[in-house]
Amino acid sequence: MQCERIEQRLGAFLDGELSPAEAQEVRAHLMACTSCQQALRELKSLDAFMSDYEDEPLPPTLERKLAAIGHKPMRRLRWVRDLSLAASVAAAFYLGIFVSGEVADGNNADDVFAFGQESLYSLYQEAGR
Amino acid sequence: MINVEAMSSESFERFSRRNGGRVFNYVLRMVRNREDAEDITQEVFLAVHEKFGGIAPEARDAYLFRAAYNRTVNFARSRNRNPEVQQSEFVEPATEDPPANDDTKNAAIRAAMSRLNDNERVAVDLKYFQNMSYGQIAGVLDITPAAVDSLLIRARRKLKTYISQETQDLVV
Ligand SMILES: [Zn+2]
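Order-wise, the sequence lines are chains S and D. Numbering-wise (my numbering), the first sequence opens with residue 1 and increments by one. Numbering-wise (my numbering), the second sequence opens with residue 1 and increments by one.
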C-alpha cells in the first residue's frame, strides 16, 4: 500500500516537482525499500533513453523562411523609400535652383532644370541600390 | 535555465533562431512527416510573430508551444477526416519518413510516442525535450499541474512498455 503510493511519486521526485517534505518522505522510503529502488532505477533508465533523442537539424529552406518572417514585406519598404526619395528630390530642386542662381549668374531656366534633373537621377540611382 | 532578463529584450529574429529547431523537431515528433512539419513550423512562427510584442517575455515559450500544439491538432484532424483512421488525433501516416540521420533510437522513441494519446504525447515531449516544469506544461495543455502529474505517471508507464517492445536497448 505504502509502496504503491511512493511509486506514484517517483516521477515527480525525479523531475524535482515534489515539495521538500514529500521528497524527504520518498527518500526515507527508498532507503528501506528495494522494490521502490528498483522502480526508481527503471524510471531513471527510461529518462536516460529519452534524453538520447537527437534533434534533427533545421532544414535550410525552413531556416530561410523563418528568418524572412521578421522582415517587412517589400511593398511597405518601397513606400517608405519613395517618401524619403520625394523629400530628397524636393531638396535637390531647391538646392539646384539656389546653387545655379548663386554661382552661375546668367544661367537660363533650362540649365537650372537640367541641374535639378541630374541630381534627381543620381538620387534615384542611390535609392535603387 | 532560461534567463528571463535576457529574454525581455530579445528580438523576434533571435527568438525565432533560438526556437526554430526546437519547434520543428517537436512538430516532427507529432506529425511524423518532414514536409508537413516544415509547413506547420512556418505557420507557427508567422502566428507568433503577429502577437510577439503583446506576449510577456516569460510567457513566449509556452505561447509558442501552445501555438504549435493547436496547429498539430488541427492538422491531424484535417488529415484524419477519412473516418477509417480516426482513432487518434495524431494518427501516424502509413510509413514514416526515413530519419535523416538514420537514427534507430530516434525512430524507436517516435514510434513509442506515437502510441500514447495526444495529451500524454505532448506532456512527454514538453517534459523530456523542452525541459518544461509541470506548471509550464499545464499552461500549454490548459490543464492543472496535478493533471500533468498523473498524465506523466501514465505516459511513463506506457513508454517503458512500448520502448522495450521497439528495442532491446532499454534495460528493464
Ligand atoms: Zn516501496
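Honestly, the hints are just simulated from the structure, not real lab data. A portion of the hints provided could be inaccurate.
[Unchecked claim] Keeping only pairs whose Cα atoms sit at most 30 Å apart, straight-line, the calculated BS3-like set for lysine-lysine is:
1) K51/D - K65/S
2) K44/S - K158/D
3) K44/S - K160/D
4) K44/S - K105/D
5) K160/D - K105/D
6) K158/D - K105/D
Here is what the structure says about each hint:
A C-alpha spacing of about 18 Å is found between K51/D and K65/S, which places the hinted pair at or below 30 Å, so the restraint holds. Straight-line distance between C-alpha atoms of K44/S and K158/D comes to about 15 Å, which keeps the hinted pair within the 30 Å bound. Restraint check: the Cα-Cα separation between K44/S and K160/D comes to about 11 Å, which is no more than 30 Å; the hinted pair holds. At roughly 17 Å between alpha-carbon atoms, K44/S and K105/D fall within 30 Å of each other, so this suggested pair holds.
With a CA separation close to 14 Å, the supplied pair K160/D and K105/D stays within the 30 Å bound. Taking the CA atoms of K158/D and K105/D, the gap is near 17 Å; set against the 30 Å cutoff, the hint holds.
No hint from the list above goes unmet by this structure.
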